[in-house]
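Protein chains in written order, with full-length UniProt numbering: chain F, 1 to 275; chain R, 1 to 356.
You may find that some hints are simply not true.
[Claimed, not checked] Facing chain R, a subset of chain F residues (Cβ under 10 Å, in silico):
{"hint": "1", "residue": "G18"}
{"hint": "2", "residue": "W48"}
{"hint": "3", "residue": "G50"}
{"hint": "4", "residue": "S51"}
{"hint": "5", "residue": "F54"}
{"hint": "6", "residue": "F66"}
{"hint": "7", "residue": "G68"}
{"hint": "8", "residue": "L71"}
{"hint": "9", "residue": "D88"}
{"hint": "10", "residue": "A92"}
{"hint": "11", "residue": "P101"}
{"hint": "12", "residue": "N104"}
{"hint": "13", "residue": "F179"}
{"hint": "14", "residue": "I203"}
{"hint": "15", "residue": "L213"}
[Unchecked claim] Facing chain R, from chain F, some residues (calculated, C-beta under 10 Å):
{"hint": "16", "residue": "S2"}
{"hint": "17", "residue": "T8"}
{"hint": "18", "residue": "P44"}
{"hint": "19", "residue": "F67"}
{"hint": "20", "residue": "G79"}
{"hint": "21", "residue": "G108"}
{"hint": "22", "residue": "G133"}
{"hint": "23", "residue": "G136"}
{"hint": "24", "residue": "S137"}
{"hint": "25", "residue": "A146"}
{"hint": "26", "residue": "Y182"}
{"hint": "27", "residue": "P192"}
[What the hints assert, rightly or not] Label-pair restraints from in silico Cβ distances:
{"hint": "28", "chain 1": "F", "residue 1": "R5", "chain 2": "R", "residue 2": "A208", "range": "13 to 23 Å"}
{"hint": "29", "chain 1": "R", "residue 1": "A208", "chain 2": "F", "residue 2": "F54", "range": "16 to 26 Å"}
{"hint": "30", "chain 1": "R", "residue 1": "L313", "chain 2": "F", "residue 2": "P192", "range": "33 to 43 Å"}
{"hint": "31", "chain 1": "R", "residue 1": "Y37", "chain 2": "F", "residue 2": "V30", "range": "29 to 39 Å"}
{"hint": "32", "chain 1": "R", "residue 1": "Q204", "chain 2": "F", "residue 2": "V251", "range": "53 to 63 Å"}
{"hint": "33", "chain 1": "F", "residue 1": "V13", "chain 2": "R", "residue 2": "L84", "range": "31 to 41 Å"}
{"hint": "34", "chain 1": "F", "residue 1": "G255", "chain 2": "R", "residue 2": "V230", "range": "35 to 45 Å"}
{"hint": "35", "chain 1": "R", "residue 1": "N264", "chain 2": "F", "residue 2": "F54", "range": "50 to 60 Å"}
{"hint": "36", "chain 1": "F", "residue 1": "F54", "chain 2": "R", "residue 2": "V230", "range": "24 to 34 Å"}
Bear in mind the hints are in silico, worked out from the structure with no lab data behind them. Quick caveat: nothing in here was measured; it's all calculated off a predicted structure. Each residue gets a CB set at the ideal place from its N, CA and C atoms; glycine is no exception.
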Amino acid sequence: MSVERIRTVVGHVVLMLGVLVSLFPFYWMVVMASNTTPDIFSYPPKLWIGSHLFENMGKVLDNIDFFGSMLITLIASLGVTVLALFFDSLAAFAFAKYEFPGRNLLFGLLLATFMIPTQLSLVPQFVTLAEFGWIGSLKALIIPGAANAFGIFWMRQYAKGAIPDELISAAKVDGAGFFRQYLTVGLPVLRPGLAFLGIFTFINVWNDYLWPLIVMTDPNRLTLQVALDQLNGIYGTDYSMVMAGALMSVVPLIGVFLIGARSFIADLAAGAMKF
Amino acid sequence: MPSESAVTSKAVPAQEVTATTAADKPPNRFRQALPQYAAVSPFFILFAIFGAFPVLFSIWISFHSWDGIGNMTWVGLEQYNYLLSDATFWKTIGNTLIIWVLSTVPMLLLALVIANALHNATRFRTFYRIAYFIPNVTSVVAITLVFGSIFSNNFGLLNAFLQSIGLGQVEWLTQPWGIKIAIATIITWRWVGYNAIIYLAGLQAISADVYEAAKVDGASSRQTFWRITVPMMRPVILFTAVTSTIGGLQIFTESRVLFGDTNNIGGPGDAGLTIVSYLYQSAFINNQFGYGAAIGWALFVLIVLFSIINWRLIGGNDDERLTRRAARRVERRIAAQNAKRAAAQSAAAKETADVR
């Protein structure tokens, strides 16, 4: 009994140490963002939260168009999320619940696209979008990601288990067509799955750095991540300000994550097990 | 919407009528499936424009010398020829692989330890899971800036700590190994929790009966781990190995942001220049689009190669068979154990009967 107890305590100590390591960089971000740069660079360094947070945040707003960048990032993230949720769940509904000629072939093709690294088509994608005249516009951020293979694959796995065939048959008997069935039977049942996919997509787009770096060429219309990097590149000597910017860019994201954290984590793990 | 439902309501009796004449059936099946085709088409249309076409186009671009604006000049395999003899390219492969090993090995081992501890913990589980997962959903740029300051040569927290315990300073962000360790640390920190959660799900999928049986068998905890946990976890380990290989070969943001210098994105001596950084630098800074496309293809070959190696190494091809075999082995042992116990019991019963 006591051996068991010691083991539990040791387990918790290990886990707590891990949690400290996981969360420390965030604490450090706050410490740096709330002190002055000379304070951070003094020896020994300041380890506690200071009183200059708002001053540093003000400097960020003076030096980059923070809210403009945030708005662009928000529109892009929401745009991709809404479109992807619709297109992915619609396709997943069809793949999961309907027999149609070529279904397996099309689904196999979709899975095969996982193999292609995005970097492979970076150059020609840029050229294509330039040809469309989309470089520098929100379209370049939103449209290419509006439907994605991972989302369809994941939603299909979810839909297979979640939607009872009887419900679809009943809707058919009532004379509902395919899209009516999707709206009345599919969507309500798929809601928890959509919540996960929505958060997942939103976070990914919000955090993306390489693609916006390439396509958002207008220095006045940068996404948050690129703007943050620019802030660092130009004002890298003012660490406190850069950290205040970093903090401001991270807080909304953690907020979105925490809202659905519990089921989000469970869903992600379940999704990985299905591969 | 109404016209659509009209089609289906008409189509249903039509199918019943034509069921006898097989010749009419095929076109109807396709026509009936029109809404389904419409439902799956957005992905395929977008993929054709932004996925398939660019991939094919990138082969074409890689056979040319092109700055993205002027004329394309056909050079055949010259880009690839140059690539093979380009010392910087080989260096980026070396850098990427070193960073990948430095990050993936500790990451997966630590994840396994954490998952095990989480599996055994009965309290604070949700709190732990969220705390371990937060690094993964955080902005890479922001967190790289934080780590950049921690690893900073002169005033960084890490050096201040090393100095205070009398170990002196390390020039993390100027030494080739320091740079790679810094990048690997960021990656490990971001992905440990993610992988631990995946492993935890794998652990929880293993039935408690199997462990119970092993315990009855008198298996030590080490034997249980290697004979039951690891084989049963094989598919999950394969998943994490493949995803972290693909992710590891595509490292870009960490090294780009760490040095914050548009002209020298790999840091001093290009020690942190990864394959994707080099692709980015060639195509979008030096405007050598053809060369950038060629690097993209080299990256693709590497990813396929390493995925196959992973698959072979961890035995993904027959992982199901292996798990089943492990499960069968356990079952057999339980049966043998039960038989032995039954035999012992009946022998004991016989003995007592004999004694009487």
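Here's how the hints hold up against the structure:
1. G18: Result: holds, 6 Å to nearest chain R Cβ.
2. W48: violated (13 Å)
3. G50: Violated. Min distance 15 Å.
4. S51: With Cβ-Cβ at 20 Å, over 10 Å, it is violated.
5. F54: violated (19 Å)
6. F66: With a closest approach of 13 Å, the F/F66 hint is violated.
7. G68: This interface hint is violated because 17 Å lies over the 10 Å limit.
8. L71: Interface hint status for F/L71: violated (17 Å vs cutoff 10 Å).
9. D88: holds (8 Å)
10. A92: Hint holds; F/A92 Cβ to chain R Cβ min 9 Å, cut 10 Å.
11. P101: holds (6 Å)
12. N104: Violated - the Cβ of F/N104 stays beyond 10 Å from chain R, reaching only about 12 Å at its closest.
13. F179: Holds - the Cβ of F/F179 comes within 10 Å of chain R, reaching about 6 Å at its closest.
14. I203: holds (5 Å)
15. L213: Where the cut-off is 10 Å and the nearest Cβ of chain R is about 8 Å from F/L213, the hint holds.
16. S2: violated (16 Å)
17. T8: holds (7 Å)
18. P44: holds (6 Å)
19. F67: Because about 17 Å separates F/F67 from the closest Cβ in chain R, which is outside the 10 Å limit, the hint is violated.
20. G79: violated (14 Å)
21. G108: violated (12 Å)
22. G133: Violated. Min distance 14 Å.
23. G136: violated (14 Å)
24. S137: For F/S137, the interface hint is violated, since the closest Cβ of chain R sits about 15 Å away, which is over 10 Å.
25. A146: holds (6 Å)
26. Y182: At 7 Å from the nearest chain R Cβ, F/Y182 passes the 10 Å test, so the hint holds.
27. P192: violated (17 Å)
28. F/R5 - R/A208: 13 to 23 Å: At roughly 21 Å between Cβ atoms, R/A208 and F/R5 fall inside 13 to 23 Å, so the hint holds.
29. R/A208 - F/F54: 16 to 26 Å: violated (53 Å)
30. R/L313 - F/P192: 33 to 43 Å: holds (36 Å)
31. R/Y37 - F/V30: 29 to 39 Å: Violated, at about 52 Å.
32. R/Q204 - F/V251: 53 to 63 Å: violated (32 Å)
33. F/V13 - R/L84: 31 to 41 Å: Taking Cβ atoms as reference, F/V13 and R/L84 lie about 52 Å apart, which means the hint is violated.
34. F/G255 - R/V230: 35 to 45 Å: holds (38 Å)
35. R/N264 - F/F54: 50 to 60 Å: Given a distance of about 35 Å, which is not inside 50 to 60 Å, the answer is violated.
36. F/F54 - R/V230: 24 to 34 Å: violated (52 Å)
Of the numbered hints stated above, those contradicted by the structure are hints 2, 3, 4, 5, 6, 7, 8, 12, 16, 19, 20, 21, 22, 23, 24, 27, 29, 31, 32, 33, 35 and 36, listed in ascending order.
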